[in-house]
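Undergrad: Here is how the chains run, residue by residue.
Number of protein chains: 2
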Amino acid sequence: MADQPLNLTDYIRDVPDFPKPGILFRDITPMLSHPEAFAQVVTQLSEQFTDAKIDVVAAAEARGFIFAGPVAMNLGASLVPIRKAGKLPFTTVAYTYDLEYGSDTLEIHIDAIPAGARVLVLDDLLATGGTIEACCHLVEKAGGKVAACAFVVELTRLEGARRITDYEKISLIQYG
Amino acid sequence: MADQPLNLTDYIRDVPDFPKPGILFRDITPMLSHPEAFAQVVTQLSEQFTDAKIDVVAAAEARGFIFAGPVAMNLGASLVPIRKAGKLPFTTVAYTYDLEYGSDTLEIHIDAIPAGARVLVLDDLLATGGTIEACCHLVEKAGGKVAACAFVVELTRLEGARRITDYEKISLIQYG
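Protein chains in written order, with this note's numbering: chain A, 9 to 184; chain B, 9 to 184.
I should point out that these hints are in silico values taken from the structure, not numbers from a laboratory. Glycine residues also receive a C-beta, built at the ideal position from the N, C-alpha and C atoms. Treat the hints with care, since some could be wrong.
[Said to hold, decoys possible] Computed from the model, here is a short list of chain A residues facing chain B with C-beta under 8 Å:
#	residue
1	Leu14
2	Ile20
3	Val23
4	Ala60
5	Lys61
6	Leu87
7	Pro97
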């Protein structure tokens with residue numbers, strides 16, 4: 009382990025024209041491939057909420073799951089998956105939201121969140137904010153209270169933070 | 009924390025007729041909701057490979073990601089996501105395999121696995137074995153060596169283990 013914190017942006021790869029021409033994708037897989045970098049991300053995400061009395065860490069598939077497991081463990085919190093429609097086996101609460109083209113539906117198990125539980129909603133990326141906003145609505149619909157939203161990467165130019173101004177928000181890495 | 013190990017099957021919910029009539033689905037979400045149970049699963053998965061010199065933990069989306077993060081951290085290994093076609097941004101190696109109806113394609117980043125690296129392939133469930141077999145082929149195609157396959161739950165009646173007889177295989181919970 010390095011004594012100095014790593015510069016996490018060194019572990020993000022810029023991939024031009026993904027998922028479509030003109031988009032510069034910030035690829036976090038090099039960060040996952042480096043155990044020290046991944047551990048630092050997990051530690052930094054967790055440390056922010058040590059005293060926040062988080063009961064539940066909720067995350068949307070698929071990349072959100074990667075960080076939610078170790079952060080939930082660090083916080084001694086429940087891990088609650090938020091999934092695309094039709095993926096969760098038990099009775100669900102659903103929330104449909106608009107995308108650039110069409111719409112998408114996310115679901116959460118109806119009994120996943122104890123009434124009034126304090127929920128940290130986690131995702132790898134804050135871009136336009138549509139997914140995180142949907143996740144927060146879903147958590148509230150399921151009876152939880154959103155304590156905060158946390159991200160590894162935030163694309164500030166896309167102003168996704170404006171969709172979740174009701175909540176505390178942290179991100180470890182910002183790109184303008 | 010309990011001193012006695014938990015009975016992990018207490019944290020699996022049986023959901024009848026999912027994803028289709030006649031199928032009894034073993035739902036691991038209660039296990040994720042109980043921090044002690046989740047921690048025990050992660051510890052038991054990791055302990056089996058402490059001395060196995062694992063360089064990489066590879067897992068297929070989406071549920072595999074939940075366990076792969078903390079296990080990779082415990083082993084000091086890289087975490088490499090295996091994803092459905094079109095999800096990974098960089099150049100990929102792909103593998104297409106037959107499903108009951110149709111086919112599916114999984115991908116891995118071409119530079120994700122150092123040549124000859126020892127890879128633990130992890131998933132939540134071993135059922136018919138199609139997905140794990142595809143993951144193992146993909147890991148080898150990408151230059152890795154499959155050191156073992158590990159699962160939280162194994163449905164032994166479906167005989168998925170017969171698809172991966174070339175490799176060491178462990179599962180924490182077996183249903184007949």
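Undergrad: Hints first: check each against the structure and report whether it holds.
TA: Structure-based check of each hint:
no., hint, in the structure
1, Leu14, "violated, 15 Å"
2, Ile20, "violated, 11 Å"
3, Val23, "holds, 4 Å"
4, Ala60, "violated, 16 Å"
5, Lys61, "violated, 14 Å"
6, Leu87, "holds, 4 Å"
7, Pro97, "holds, 4 Å"
Violated hints, listed in ascending order, are 1, 2, 4 and 5; each of the other numbered hints is respected by the structure.
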